[in-house]
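According to my numbering, numbering within the sequence shown proceeds without interruption in unit steps and concludes at 326.
Simulated from the structure, these hints should not be mistaken for laboratory data. Please read all numbers here as calculations on a predicted model, not as lab measurements. Hints may contain errors.
[Stated by the list, open to error] FRET-style restraints, in silico, Cβ to Cβ:
id : residue 1 : residue 2 : range
1  : 82        : 59        : 14 to 24 Å
2  : 246       : 314       : 34 to 44 Å
3  : 314       : 247       : 43 to 53 Å
4  : 82        : 273       : 14 to 24 Å
5  : 114       : 76        : 20 to 30 Å
Heads up, the beta-carbon is just placed ideally off N, CA and C, and yes, glycines get one too.
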Amino acid sequence: MLQTRFTQMFGVEHPIVQGGMHYVGFAEMAAAVSNAGGLGIITGLTQGTPEKLSAEIARCRGMTDKPFGVNLTFLPSVTPPDYPGFVEAIVKSGVKIVETAGNNPQKYLPALKEAGIKVIHKCTAVRHAVKAQAIGCDAVSVDGFECGGHPGEDDVPNFILLPRAAEELEIPFLASGGMADGRSLAAALCLGADGINMGTRFIATQEAPVHPNVKQALVDASELDTRLIMRPLRNTERVLVNAGVERLLAKEKEMGAAITFADIAPEVAGVYPAIMRDGNMDAGGWSCGMVAGLIHDIPTVKDLVDKIMADAEAILRKRVGQFELA
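Sequences are here, hints too, so could you generate the full structure?
In structure tokens, the structure reads:
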């Protein structure tokens, strides 16, 4: 059994976390990952309201007796979601692990800590990870430039980002971005991480509650099929290329620095139900990592996790051990 600081701190069998993903992180997804020995995550904002989040947590608890968490992403917004209500719903539900992302979660940490909740904060830069450690987060997820979703604006890939995080951090951290298999896990551990956070790879599983078209698109895609959108707005997102994304990129090229979010709203605002639920693959931008190039099948979550663990252990024992050290 492969134990790390992360598995020991969070009480899970394997150092594999399912990242919070919009319109993917429902009870079915989280429970499947937790039942396989990883840490499943329900995506809070996908549920819409604190009441619906409470119901989704209860539904997940009916599917697994293993630990699972809730993702809460703090977004800049003119009319922000009911964050105090979401935090209260999480605390009252008895969930003991929260993955935060986006803006600084410091405002909500006292309420979470008082309830005995451990917090993992997602970061795209070492300086942000150090700040998360300073404000009291228990662990961080370090997202390299390869990741799907928002990779930040520094463009540092994980072969640099993870060792840098290891140099600066004392708390456990996860490698996120480009994680797909046993090779990913073994490499992440060798670079100093305490586990991996997988998003895109978990979408291409039997239990993922998304349209079959989405899963097939990941199998069909190569590592060259993602694009970076919203760079001019400094809100960069890595997405899978499709007709909607091409329209968006054409607008960015044509309008340059004058572009506003309103100009690209048809290709990004509210497109997730059309894609994830209805399978309309050209609706617009949806988060997808370069790891799509490593996705060749649609296994069950348990088969995927079991293979990752078996392969990682074999690599660490056999491949690393085969080199003669003078």
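Taking the hints in turn, this is what the structure says about them:
no.: 1; hint: 82 x 59: 14 to 24 Å; result: holds (20 Å)
no.: 2; hint: 246 x 314: 34 to 44 Å; result: holds (41 Å)
no.: 3; hint: 314 x 247: 43 to 53 Å; result: holds (45 Å)
no.: 4; hint: 82 x 273: 14 to 24 Å; result: holds (20 Å)
no.: 5; hint: 114 x 76: 20 to 30 Å; result: holds (26 Å)
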